[in-house]
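**Q** Protein chains in written order, with this note's numbering: chain S, 1 to 130; chain H, 1001 to 1130; chain F, 2001 to 2131; chain E, 3001 to 3131; chain B, 4001 to 4099; chain G, 5001 to 5099.
One or more hints might be untrue.
[Unchecked claim] Chain S residues, not near chain H, derived (Cβ > 10 Å throughout): (1) K30; (2) H32; (3) E33; (4) D42; (5) R63; (6) S65; (7) E66; (8) G86; (9) G106; (10) Q121.
[Unchecked claim] The calculated SDA-like cross-link candidates involving lysine to any residue, where the alpha carbons are at most 20 Å apart (straight line), are: (11) K2061/F / E2036/F; (12) K70/S / G3070/E; (13) K3016/E / C3049/E; (14) K62/S / K1098/H; (15) K3113/E / N4092/B; (16) K2093/F / D2126/F; (17) K2015/F / A2042/F; (18) K1002/H / D4087/B; (19) K30/S / V5079/G; (20) K3016/E / S4093/B; (21) K1002/H / N4092/B; (22) K4023/B / D3126/E.
[To be verified] Some chain S residues judged to face chain H by a derived CB distance under 8 Å, without partners named: (23) R84; (24) R85; (25) K98.
Keep in mind the hints are simulated off the structure, nothing from the lab.
Ideal Cβ placement from N, Cα and C applies to all residues, glycine included.
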Amino acid sequence: MKFSIAVHEGPYTHEASDTAYQFVTAALEKGHEIFRVFFYHDGVNNGTRLSTPPQDDRNVIKRWSELAEKHGLDLVVCVAAAQRRGIADADEAKRNGKDADNIAPGFRISGLGQLIEACIQSDRHLTFGD
Amino acid sequence: MKFSIAVHEGPYTHEASDTAYQFVTAALEKGHEIFRVFFYHDGVNNGTRLSTPPQDDRNVIKRWSELAEKHGLDLVVCVAAAQRRGIADADEAKRNGKDADNIAPGFRISGLGQLIEACIQSDRHLTFGD
Amino acid sequence: MADEMDEMMEGGEIKKLMYMTRTAPYGTVYALEALEVVLIGAAFEQDVCMVFADDGLFQLKKGQNTEATGMKNFSPTYRALEMYDVEKLYVEKESMDARGMTEDDFIVDVEVKTSDELTSMMEDMDIVLNF
Amino acid sequence: MADEMDEMMEGGEIKKLMYMTRTAPYGTVYALEALEVVLIGAAFEQDVCMVFADDGLFQLKKGQNTEATGMKNFSPTYRALEMYDVEKLYVEKESMDARGMTEDDFIVDVEVKTSDELTSMMEDMDIVLNF
Amino acid sequence: MLHTINKSPYTKNSLDTCLRMAKEGSAILLIEDGVYAALTGSEITSTVETAMKKHTFYALSADLEARGIQDRVIDGIKVVDYAGFVDLAAENSGVQSWL
Amino acid sequence: MLHTINKSPYTKNSLDTCLRMAKEGSAILLIEDGVYAALTGSEITSTVETAMKKHTFYALSADLEARGIQDRVIDGIKVVDYAGFVDLAAENSGVQSWL
Chain S
1 MKFSIAVHEG PYTHEASDTA YQFVTAALEK GHEIFRVFFY HDGVNNGTRL STPPQDDRNV
61 IKRWSELAEK HGLDLVVCVA AAQRRGIADA DEAKRNGKDA DNIAPGFRIS GLGQLIEACI
121 QSDRHLTFGD
Chain H
1001 MKFSIAVHEG PYTHEASDTA YQFVTAALEK GHEIFRVFFY HDGVNNGTRL STPPQDDRNV
1061 IKRWSELAEK HGLDLVVCVA AAQRRGIADA DEAKRNGKDA DNIAPGFRIS GLGQLIEACI
1121 QSDRHLTFGD
Chain F
2001 MADEMDEMME GGEIKKLMYM TRTAPYGTVY ALEALEVVLI GAAFEQDVCM VFADDGLFQL
2061 KKGQNTEATG MKNFSPTYRA LEMYDVEKLY VEKESMDARG MTEDDFIVDV EVKTSDELTS
2121 MMEDMDIVLN F
Chain E
3001 MADEMDEMME GGEIKKLMYM TRTAPYGTVY ALEALEVVLI GAAFEQDVCM VFADDGLFQL
3061 KKGQNTEATG MKNFSPTYRA LEMYDVEKLY VEKESMDARG MTEDDFIVDV EVKTSDELTS
3121 MMEDMDIVLN F
Chain B
4001 MLHTINKSPY TKNSLDTCLR MAKEGSAILL IEDGVYAALT GSEITSTVET AMKKHTFYAL
4061 SADLEARGIQ DRVIDGIKVV DYAGFVDLAA ENSGVQSWL
Chain G
5001 MLHTINKSPY TKNSLDTCLR MAKEGSAILL IEDGVYAALT GSEITSTVET AMKKHTFYAL
5061 SADLEARGIQ DRVIDGIKVV DYAGFVDLAA ENSGVQSWL
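So here's chain S without its partners, still in its complex pose (with noise of 0.2 Å):
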């Protein structure tokens, strides 16, 4: 079956990435599609590669890099919220005046289309988010 994601809050702040992430590795261990992660609200946080967690935490944003590599997962983080929130990838931060960016890898920044996209696309969207 084809899933789609939505992520509202930032990493660490509040559980919804965790349960999302965990959700998404479940359901790719039983062999369903993941078709799209969608960040959006804070949820674009979780895309910033300048994240330092706790050495004895877990680290929420590597994790859904590495998650990425391994299942070629497509994690798209809102454009809009990410320019008020500044998280930005070379384009965006070129295009803003920005003299850097912060996007972790895995993580690409495309428009609000692609959340609506992925639910017409999918099967089931479930939102994780306060």
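Given chain S, put chains H, F, E, B and G in place with the hints provided.
**A** Chains H, F, E, B and G only, in chain S's frame:
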């Protein structure tokens, strides 16, 4: 009178940062002293210079930077909360092996002791958060 | 938006999509960013409706003036929904009554539905998106 | 921490400081990051107490095991509070009763206080910090 | 003591907890989504009116106006601007920011 | 339809709203702080027990264990792991993620 302020939520996501800003502005206009504004939890996300809000909306981060410059405000971002969430200055980026930093002008990264000290040194402490 | 338009054109069957919004405006960003999804989603020409329940009703209150807060007043955008063919706006009666509000309070025309009516509608949806 | 210790030494009068925590652990980070403030705050040697009200009580529930969630179990840290001279831990009776909990449920010794008792204590504080 | 409430009473329990713990005679200021507690004619109104016998209630004008409810405020709730908020924080012995 | 609830019933109104709108016979899965609704002997217990006559309740084991309440779950609530969550999402006709 000497006030200290804690901001617990990120920009745009929650009105906390807006209310804190308006309170601080009003307090300064009345001749009060702002001992420190301490950014904790997701409040640390107020300290990124990579934010590019829509042009028809307020610029929460720039507003704090400008207020800090004008009034010599002490805007402190909690280092532990910032590390989890990916807010870093040049020193922090270097220490944590990151290739970029994103701290906004007028903000500095320091320890939680700065919050306790602010409470102790001030006549009043207010928290804005969720 | 061009790529989104292209995707839309590819689409085949029309799906029934419900946006459910339950948060007040301004205190948090969810209401504003939900509205942004609805506007973009309109380009996909699905069969959409929007439900305002709990504090979501407050998004539609007439007479919002955000000047003193410094925030952006996005309430006029609800009036634009019609132009985007988002015409089915539902308000939950139980939430409206609890808040002492009436249809006259709203900036746009809405249909008031009981929670039982919304139950049936929700079951009929292909997708429910929550904010 | 060295600079914080120095600041502490400078301090003169001892202030009465209450930490008020009202959120459950794990669902959100507030409980964990509140505890981090209390631990750092201990170095300032003020007269501190910590109040667990509403869902904050759940932070102290015995038998937490976070393995399957992948999160860090920080509940043992409450046992360390005593070593940091944070000894006054209060649980609101009304919140405890509503949740069907008793003192036996908690990982540390606490004093159960009614909301009326907490009212008086709160009024007596120099600072109340909320998380 | 000044108590601030920034949560809608329909959504979260902050006002309830505040009313359980605030000392008689305290000032309670409604800000952000907390201003919805000031609405007249709602199912919360009687709770607030009862609490007004023990406490002085204030509501932040900027947040009432943003939400379009400045004309619907329960009689007896005092409306203040940000400067008034600062004054309340200064005049009272301390601030308890309920979250 | 599968309804997920991730909020503590003591703090937020999500469970109430879900129970108002969920069709009889729906599955309701408690996750994250939502698992506190599964607690036996609390002031919420009777609400959930009444709702169990109309709906099938599930609770996520990982979240129960994290909170140390896996031995306090109301009789009749089915405990599932993340794989069981995936199965519920697949088996039901759709998912309504109450926030």
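**Q** So, for every hint listed, does it hold in this structure?
**A** A quick look at each hint next to the structure:
{"no.": "1", "hint": "K30", "result": "holds (31 Å)"}
{"no.": "2", "hint": "H32", "result": "holds (30 Å)"}
{"no.": "3", "hint": "E33", "result": "holds (30 Å)"}
{"no.": "4", "hint": "D42", "result": "violated (5 Å)"}
{"no.": "5", "hint": "R63", "result": "holds (14 Å)"}
{"no.": "6", "hint": "S65", "result": "holds (13 Å)"}
{"no.": "7", "hint": "E66", "result": "holds (17 Å)"}
{"no.": "8", "hint": "G86", "result": "violated (4 Å)"}
{"no.": "9", "hint": "G106", "result": "holds (15 Å)"}
{"no.": "10", "hint": "Q121", "result": "holds (28 Å)"}
{"no.": "11", "hint": "K2061/F / E2036/F", "result": "holds (18 Å)"}
{"no.": "12", "hint": "K70/S / G3070/E", "result": "holds (19 Å)"}
{"no.": "13", "hint": "K3016/E / C3049/E", "result": "holds (8 Å)"}
{"no.": "14", "hint": "K62/S / K1098/H", "result": "holds (13 Å)"}
{"no.": "15", "hint": "K3113/E / N4092/B", "result": "violated (25 Å)"}
{"no.": "16", "hint": "K2093/F / D2126/F", "result": "violated (23 Å)"}
{"no.": "17", "hint": "K2015/F / A2042/F", "result": "holds (12 Å)"}
{"no.": "18", "hint": "K1002/H / D4087/B", "result": "holds (13 Å)"}
{"no.": "19", "hint": "K30/S / V5079/G", "result": "holds (19 Å)"}
{"no.": "20", "hint": "K3016/E / S4093/B", "result": "holds (13 Å)"}
{"no.": "21", "hint": "K1002/H / N4092/B", "result": "holds (14 Å)"}
{"no.": "22", "hint": "K4023/B / D3126/E", "result": "holds (15 Å)"}
{"no.": "23", "hint": "R84", "result": "holds (5 Å)"}
{"no.": "24", "hint": "R85", "result": "holds (6 Å)"}
{"no.": "25", "hint": "K98", "result": "holds (5 Å)"}
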